[in-house]
Amino acid sequence: MPILQIRQAIRDAMKEEMERDERVFLMGEEVGYYNGAYKCSEGLLDHFGEKRVIDTPITETGFAGIGIGAAMCGLRPIIEFMTFNFSAVAFDQILNNAAKLRHMTHGQFGVPIVFRGPNAAAHMLGSTHSQAFEHFYAHIPGLKVIAVATPYDAKGLLKTAIRDENPVLFLESELMYSVKGEVPEEEYLIPFGQADIKRPGEHVTVITWGQGVPVALKAAELAAAEDVSCEVIDLRSIRPMDEAAIIASVKKTNRAVIVYHGWPNGGVGGDIIARIQELAFDDLDAPVLRVCYEDLPMPYAENLENLILPSPERALAAIRRVTYKR
Amino acid sequence: MATVVTLPRLSDTMEEGVIAKWRIKVGDKVKRGQVIADIETDKATMEFESFDAGTVLKLVAPEGEALPVGAPIAVFGQPGENPDAAGAPAPKAEDKPAKAEAEPAKAEPAKAEPAPAKAASKPEAKPAQPEAKAEAAAAQTAAAASAAPDGDDDEDEEPGPKATSQGTGPQGQVDRGRIPASPVARRLAREHDLELGQIQGSGPRGRVVKADVEQAIAKGPQARPAAAATGAAGPVPTASQAAGAHAADVDEHGRPYISRPDRTVKLSQMRKTIAKRMGQAKREIPHIYLTMPIVMDKAVALRAEFNLSVDGTKASLNDLVILAAARALRKHPRVNAYYTDNGIVERGDVHVGVAVALDDGLIVPPVRFADQKTLKQVSIDVRDLGTRAKEKTLKPEELTGSTFTVSNLGMFGIEEFCAIVNPGEAAILAVGAVQDEAVVEDGQLVARKRMRVTLCSDHRVFDGAESAKYLQTLRKLLESPLSLLT
Amino acid sequence: MDAAYEAKLRADYDGQSREDVLRDYREMLRIRRFEEAAARAYTRGKISGFLHLYIGQEAIAIATQQVMEPGDRVVSTYRTHGFAIALGSDPKACAAELFGKAAGLVGGVGGSMHFFDKERGLWGGYAIVGNHIPVAAGHAFASQYTGDGRVTLCFMGDGAVGIGPVHEGMTMAGIMKLPIVFVVENNQYSMGTPLKRTLPVEDITARAAGYGFASDRFHVTSVQETRRRLGEAVERARKDGKPTLVELITYRFRGHSMSDPAKYRQKEEVDRWRLNDPLERTLMALKTIYQVPEAELDAMDETIVAEMDGAYEFADKAPAPAPEARFDNVMAEGPYYGDSATTRPAGVE
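Chains as they are written, first to last, in UniProt numbering: chain D, 1 to 326; chain V, 1 to 486; chain W, 1 to 349.
Just so you know, the hints here were simulated from the structure itself, not pulled from any lab data.
Every value quoted in this text rests on a predicted model; they were computed, and no experiment measured them.
Beta carbons are placed, not taken as given, at the ideal position from N, Cα and C, and that holds for glycine.
There is no bait here: all hints are sound.
Each computed DSS-like pair below joins lysine-lysine, with the alpha-carbon atoms no more than 27 Å apart: (1) W/Lys287 with V/Lys29; (2) D/Lys15 with D/Lys51; (3) V/Lys31 with W/Lys263.
Just the calculated beta-carbon pair ranges, DEER-fashion: (4) V/Lys21 with W/Lys196: 29 to 35 Å; (5) V/Asn82 with W/Asp298: 22 to 28 Å; (6) W/Asp309 with D/Glu50: 54 to 60 Å; (7) V/Asp42 with W/Lys267: 20 to 26 Å; (8) W/Asp309 with D/Leu189: 54 to 60 Å.
Put together the whole structure using the sequences plus the hints.
Here it is as structure tokens:
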């Protein structure tokens, strides 16, 4: 099986879907002649031409809105945000147009569109370029939110996203674009709403997604050295969420730790805890803990950034706490 | 036909309004869109443009008076028409603002209020005294039992919350009855009919966690509530009697000691084999044990010398013992034998089994033809067997075939011990530690390195005298060990 | 009527057939009567939320309808009833929407601000000021991408031109040379703030140069003039793929919304504008130039009032949406029962 980087898996997914469906096009800053700020669209301009690989000015509101308007006409846009931090500029388009139009037009229009790009902190980018946006978008009915951590998942889920009839926020990671993994040559799709057990275990359920996945896996490895076996669940799909997978695991382990990028207040982590206490209250043996950013803006200084980011060590400490080990 | 003009709702929050000024008078002809009044709303004074056309028959609303939205304010119609025929005084029901319809709903929270107040004053039991925790727990047990006579296992009836409601008095006293427990611990306790208060919590601040309840389940009925423990035979014990029956099981604070459950460990294949063979040996073989002290000073010196001068291996004292035992067997073939009902089989070859302890059991791979081997070769063989035994890479044929066994527990500081003869052999040599001892030699007290070995043997094959002779030979070989190098 | 006014009127209607002018009058009157009935229903508590009326601006919607070809799109604001009536949406469905009823244009979930009628070319209905400009550009982009030959007409108020999305959407439309006409309905007030306090220049179309657009700017005093000049812009979009920015100077005679007493303007100002009210001028033209008998005009009015009253009566009696209707159209997959257990209705799973 070929070994690809996540960026290549993303490119292949877009390429295959653009070949399959004339209505699919890619639009964003530097996606064409520059071949993508992070090279996710490398070679696509040469292959498909300017009509379907469209460089835009720095106008997130403008091209997000154009994508939405085009989707309402039946096209299937892929809108690349150079980083999801810039999606804040287009937030109104996503919140009030993409998410609402099917509803407020009583189904006269749909918005089959994918917004994709890197999300969350990378390395020393400072407070405005280090934010996790799933927490904002997962709040909004009408949207789907996906976060990927392997090339296999990236390709299978992006293809599903492009074919979905709803607006999909597809979150990648700048730090993980080079992560390699096996990707089958034959076509495959991964349905939304299905979590993936990245590591089976017995004692603690570790729920994670996106950039949290490698942190959680490393923490599970550290815990294994202490004879604590962790089940690492990669949600992959944050909205819709695979509640069944979470609850089945928690019923088995009686304990959960959530490892993710983003702040603690009002985020997806708290939402997962709400679901666990609602659906598995009688199965809990310890409080459910979150390992995420400290509730602070991200500083540039490396040592300060490292203190704020979720680390395997912090995740291990949480795993010890829920297993009542000091 | 006459038309009733009603007070318009001019903002979404307007509930009443005032005609600040009429711009028309009775008899005026009004066009649609004409301003007929200035109306004060909650937000502003606004011009009211008429939705209707006609002649003003009557101005119902006086200026300056607050009226509800929808109240009739004027009547238009044809000149000469009777304004009262339009029913002006009563506003039409359908013209009532939607706001009013929502009002009845507001009354509901008020209705619900008395209930919590009632519940708060209900608790019958007094708050538990802090200095008598055991009693309090017992009281809860009794209270919980009596509170749920119908066996209702509704969640609200579980001991924890029940204790809470009893512990919190109407004056909002500190909750002393709440037993900290994880939800799954509560559920398990409920499912197994266990009293949470009787389970010692091992979590933070004494929280009862799943493991604690599982232990209690394994331990059996002690932690069950008093009511559940009631037997048909005797009188119903009171809660305090039930607690007193196990008075010794509580500490000076009245808290029960932590009881841990027995643990059943599945039998490994090796454990099964050991169990079968040792059981067989002890049932069938009449054991006889003879212990012999051996002075090891020369052997120790020889070993040190050997290790200095010979490359390729490092010999242990045990290697010397194995070699000596093997050489001694040549001289005493009856010890290298086994019993059958048809006769005693003296073995032609000497293969000395070396007991190797593993995580859960032991195996006895033989050093084959040990009597014919050099110390170096024995040493190499023993190391190789030991390493591969721990790696579990020995082949089946390397694990069988011993004719005699050496078992050494000297490294644990064991002076001497009795071992069990391996079925199929006649004896096993149990080797103790080499220790510095005060020994009387020729009337002199001297320090010697001494070791005790015990030959454990099958009395059916040979008797004590033969055993002693073998041990003498062995001692000679070890106390004058140079011959071992030949 | 003074002589100057009449002379101007005769000049404006030179060459217009009686039938056309009668038609324009009837269509404008339908919008005005619909809006007046909406205002009345609001005062009676039948309509809640925000209600922004189109009274005074009717000629724009009528002219727009007349320059559109099948498949062309109108994208508009929260002041959009006029376009719905002009484009042929059923007044019953429009009124039912205002009443929040199931028979409404969008099932009662949109209300006054979110009229959509795709079949008739009404593509919204947007209420976050200016955020529909990029979306409309997206429709035009789709036309360019598929080559379907359609034109998108994107309307906004004068209050919108300062907000960011307008700039971004227009920038992209200019770069991509999209078949679109941006129309600013300058009704003089951004809610209660006059234009001179919200715009650094008086002429909004001064911005067209910055986007590489053509531009046009005029007072809306008649349907035929608006039709002619909007038509040129539509033609430019369709044939040359060049966007136009059109500023239509107009006036709303009502407040910004129903709760606005419009204290920020003088009665004299309103009266002055009333002289230029296209509806009023058309009526004068019909009476003076075309000599249409008053009885015929009254009869037309009564018919329209009856139609609109009937529509509101229908809306009043129409059933509210079924409780389960709230799950409709949230996701493409069909009924949406929430992603969280906390919003999942009992009995659904």
